[in-house]
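**Q** Model the placement of chain B on the given structure of chain A, informed by the hints.
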Amino acid sequence: KQEVTQIPAALSVPEGENLVLNCSFTDSAIYNLQWFRQDPGKGLTSLLLIQSSQREQTSGRLNASLDKSSGRSTLYIAASQPGDSATYLCAVKAAGNKLTFGGGTRVLVKP
Amino acid sequence: GAVVSQHPSRVICKSGTSVKIECRSLDFQATTMFWYRQFPKQSLMLMATSNEGSKATYEQGVEKDKFLINHASLTLSTLTVTSAHPEDSSFYICSARFGETQYFGPGTRLLVL
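In order, the protein sequences belong to chains A and B.
Taken in order, the first sequence gives residues 566 to 676; the numbers are from my numbering.
Taken in order, the second sequence gives residues 2 to 114; the numbers are from my numbering.
Think of the hints as simulated: they come from the structure by calculation, not from any bench.
None of the hints are false.
Each pair of labels, with its calculated beta carbon distance range:
1) A:SER635 / B:GLU60: 24 to 30 Å
2) B:GLU64 / A:ALA643: 44 to 50 Å
3) B:HIS86 / A:SER635: 40 to 46 Å
4) A:SER634 / B:GLU23: 39 to 45 Å
5) B:LEU112 / A:ALA574: 21 to 27 Å
6) A:ASN583 / B:PRO9: 36 to 42 Å
Taking lysine-lysine pairs in the DSS-like style, the calculated list, with each CA pair at most 27 Å apart, reads:
7) B:LYS42 / A:LYS675
8) B:LYS65 / B:LYS15
9) A:LYS607 / B:LYS42
10) B:LYS67 / A:LYS566
11) B:LYS42 / A:LYS663
12) B:LYS15 / A:LYS607
13) B:LYS65 / A:LYS566
14) A:LYS663 / B:LYS56
15) B:LYS42 / A:LYS566
16) B:LYS65 / B:LYS42
One-sided excerpt, in silico: chain B residues whose CB lies under 10 Å from chain A:
17) THR33
18) TYR37
19) GLN39
20) SER44
21) LEU45
22) MET46
23) SER96
24) THR102
25) GLY106
26) ARG110
None of the values given here were measured: they were computed from a predicted structure.
Just so you know, even glycine gets a beta-carbon here, dropped at the ideal spot from N, CA and C.
In isolation and in its complexed conformation, chain A is listed as follows (with noise of 0.2 Å):
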């Protein structure tokens, strides 16, 4: 069974400063890996998506990386902003198309 972690459970940071969020998964055998960002009582938005033959996707001042093999994500957000506080959520996506998802990271930028 798919089991994903994301550590740390919470980060808080001062403006400027970039974020490191790890996500890592139990088992290689994915189709692709997403990360969400979910602001408080939201829903998720889509931030980046990786397919299992790629190694890095970027988004502006975000830039998620993949190393499958050894089951892990990373999430870098360059020079943080209070804008930036909220959770930040990785799912890998695998056989029957069912997305896992990890407990979540909750960032807080101070200003």
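**A** Below, chain B without anything else, positioned relative to chain A:
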């Protein structure tokens, strides 16, 4: 971009009543929709996969008679929580698949008193 809506956004009901939550894909057709529930400060747990025109597939431990799912059209799936109890209070999120990507609704906050 693809948009998924949910209605209502929040609902408060008395124990024993039934509550229906709607999930709509606004600008695309979705043959597959998913229902998740999320407890405070926890991640999303898949409840069921809903395929248009057929019965939903429920995850282990999810009572299909309690959580009724209907996917009658390519743009609408409904989740009905029957005989709701306080332990059913949660945040329910639907998702619709379009191609390789799942698009998520804004969620419905259910509080059962």
